[in-house]
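2 protein chains.
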Amino acid sequence: MPTPPSPGWTYARSGVDVGVRSRALDAFLHAVKYRSPPDHGRVVAAPGHYAGLVRIGRETIAITTDTVGTKVLLAEQLGRWEEVGEDIVGVNVNDLAAMGARPAALVDTILCGQPPDPEVFRALGRGVDRGLRAARCALLGGETAVVPDILRGLDLGGTAIGFFPRGRAPVTGRRIRPGDRILGIPANGVHANGFTLIRKLIESRGIDLSRPRPGASQPVGEELLRPTRIYTEVAEALAGRPELRGLAHISGGGVRNLVRLHPKVEFVLDAWPSPPPLFDWLRDLGGLSAREAFQTFNMGIGFAAVVGRSHLAEVRRRLARAGAPDVAEIGHVERGSGVSLPAWDLRYEGYE
Amino acid sequence: MPTPPSPGWTYARSGVDVGVRSRALDAFLHAVKYRSPPDHGRVVAAPGHYAGLVRIGRETIAITTDTVGTKVLLAEQLGRWEEVGEDIVGVNVNDLAAMGARPAALVDTILCGQPPDPEVFRALGRGVDRGLRAARCALLGGETAVVPDILRGLDLGGTAIGFFPRGRAPVTGRRIRPGDRILGIPANGVHANGFTLIRKLIESRGIDLSRPRPGASQPVGEELLRPTRIYTEVAEALAGRPELRGLAHISGGGVRNLVRLHPKVEFVLDAWPSPPPLFDWLRDLGGLSAREAFQTFNMGIGFAAVVGRSHLAEVRRRLARAGAPDVAEIGHVERGSGVSLPAWDLRYEGYE
Chain A
1062 MPTPPSPGWT YARSGVDVGV RSRALDAFLH AVKYRSPPDH GRVVAAPGHY AGLVRIGRET
1122 IAITTDTVGT KVLLAEQLGR WEEVGEDIVG VNVNDLAAMG ARPAALVDTI LCGQPPDPEV
1182 FRALGRGVDR GLRAARCALL GGETAVVPDI LRGLDLGGTA IGFFPRGRAP VTGRRIRPGD
1242 RILGIPANGV HANGFTLIRK LIESRGIDLS RPRPGASQPV GEELLRPTRI YTEVAEALAG
1302 RPELRGLAHI SGGGVRNLVR LHPKVEFVLD AWPSPPPLFD WLRDLGGLSA REAFQTFNMG
1362 IGFAAVVGRS HLAEVRRRLA RAGAPDVAEI GHVERGSGVS LPAWDLRYEG YE
Chain B
1062 MPTPPSPGWT YARSGVDVGV RSRALDAFLH AVKYRSPPDH GRVVAAPGHY AGLVRIGRET
1122 IAITTDTVGT KVLLAEQLGR WEEVGEDIVG VNVNDLAAMG ARPAALVDTI LCGQPPDPEV
1182 FRALGRGVDR GLRAARCALL GGETAVVPDI LRGLDLGGTA IGFFPRGRAP VTGRRIRPGD
1242 RILGIPANGV HANGFTLIRK LIESRGIDLS RPRPGASQPV GEELLRPTRI YTEVAEALAG
1302 RPELRGLAHI SGGGVRNLVR LHPKVEFVLD AWPSPPPLFD WLRDLGGLSA REAFQTFNMG
1362 IGFAAVVGRS HLAEVRRRLA RAGAPDVAEI GHVERGSGVS LPAWDLRYEG YE
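The listed protein sequences derive, respectively, from chains A and B. At position 137 of the first sequence the residue is numbered 1198 (my numbering), and the sequence of numbers has no breaks. At position 79 of the second sequence the residue is numbered 1140 (my numbering), and the sequence of numbers has no breaks.
Treat the hints with care, since some could be wrong.
Treat identical chains as interchangeable: a pair holds within one or across any two.
Claimed, not checked - List time: in silico SDA-like cross-link candidates among lysine to any residue, alpha-carbon distance up to 25 Å:
| id | residue 1 | residue 2 |
| --- | --- | --- |
| 1 | Lys-1325 | Gly-1399 |
| 2 | Lys-1094 | Pro-1179 |
| 3 | Lys-1261 | Gly-1174 |
| 4 | Lys-1261 | Arg-1213 |
| 5 | Lys-1325 | Pro-1108 |
| 6 | Lys-1094 | Gly-1140 |
| 7 | Lys-1325 | Gly-1397 |
| 8 | Lys-1094 | Glu-1180 |
| 9 | Lys-1094 | Arg-1287 |
| 10 | Lys-1261 | Asp-1178 |
| 11 | Lys-1261 | Thr-1205 |
| 12 | Lys-1094 | Glu-1294 |
| 13 | Lys-1094 | Arg-1187 |
| 14 | Lys-1094 | Ala-1106 |
| 15 | Lys-1261 | Gly-1214 |
Because the hints were derived from the structure by calculation, they are not lab data.
Work out the full structure: start from the sequences and follow the hints.
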């Protein structure tokens, strides 16, 4: 029998205060003053965006790094490792996708608190393999460190590099203008974000992961574990097209990720589809406000493309051919700033 | 008053069994079967070597990833973070150096078990800045994750990419032949390797980190914390020269790293300089065998260059001009396999 929701759960209360992180990060970046000389590669400014860019000879290389975060603890609880293996690839190549960069190589980092178990590593490998296949990306090395004094369980991360095929420029969102349309491509569940909060909600309500939530058929543990959808094909279908104005990976930070694309327009998400029931269920568990939910989870849309108004139909056809027929028009661009969701009476200004 | 050394300390007994790690890694790599198509970059084989290589257009990009490991726990104990910040750069760019790749960009990964402290991050940033300056490398992004349920303290890692200026090929060691000479470039202490073992030795003997070890002037904590020497300048001075046959970063695995360069020659280290007293002291603390010490620590030499016999003097002059006058001839190459240190009656066959 459900107990009444405990109001007031937030990502910060679960242990992740993005404000504190931002202040520390500012201190770090302020101390890194060095600028390298051009004969060591020319850094290309990509303000606020998903990957760093450096020009080497005639090529521009994109680089991005991310971890699977505390989703690994759910994998451990369920003894299932393929999904988070696939996430190592997904969390990184999707950030390349948001720049319109084609994935070339991934390196993984696996930190272990115990002597590594070959069976766990085999399952991780199968998941990484599946992710690489979806992103058409090579595994080019990695680091496996056994650090029992720092870690409990496993930490999974990676770094991906990508490039821009001849004639394609990085997608930065700077060409976005009022009147553009925003398309959303569905997520495959919660992906790999917000798990510190999700686990607190699950624990605080004593949820049995081996049973489906009401209305679902899959055990809730498996539903939460579903791997990050990989959007490489989506980005490859659109990158380099003149009608494409911007791409966003809706990951940590939720819809705030759109703000990264352009600081001086407003992204009006007035047609956001009803979030899948999993998200309502999560919100109900913790009395989580819509404001908190939309800035923590993807709420059903894992990737967005901003396109010129007159090219909507053509872009949808392209995406369908690229294996993404499940696209929804989720909003449009206006003069202003930030992101708004009128149906939820929400506005966000910055990215974090 | 010193107690008698406890014999039998090994890296495995301290919690890091490289054999177990190898088996897990084999299972992982065996499961990753996917090979990407050439329009996503052409993977260049670099067997057993320090970085992955992928050809993008006319450029070959090298990528490598590594962490500072449990040295962070010493940093935490001493409340000093600049050195390990510098290590984030050093552990990665030295692997690029061992391929003759010029560093272009680094991304860092900082995992936090607690809300991040701006003062700690400022010090880390200062260290990263110093490392970047030595490697002439740009910081091109990073990830800071707060994962209190996985981690205690901090974990510091990074990924670096490099390239090969026009006319320079990757240095793989495959041109090494009997008769070649091996030059060693000194290390700046233990760098960032073997710390799980070092910490066990220190703890088991109740060593006071704030006091110098016998014969030293610096407190032993600070001596151990000294940052990884960065060998970018050394590699830049030699890479692309016809007399250069191979480069090795003597990091985790110690002198076994030489085996990575060429499986079918023997690296005879018959002129290895007396290891700095710090290493003797560490060995004495734990009754550590020479075999264990030379495959765990750098034993005073952090980087090695294999060069054609007739070019020794010229190479030394080049290195002196590049800021490394402190080079020693440490051995030569013979027919055979593995690495040997005749003065210690040691032979190693594989890398791990």
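Earlier hints that do not hold, by number: none
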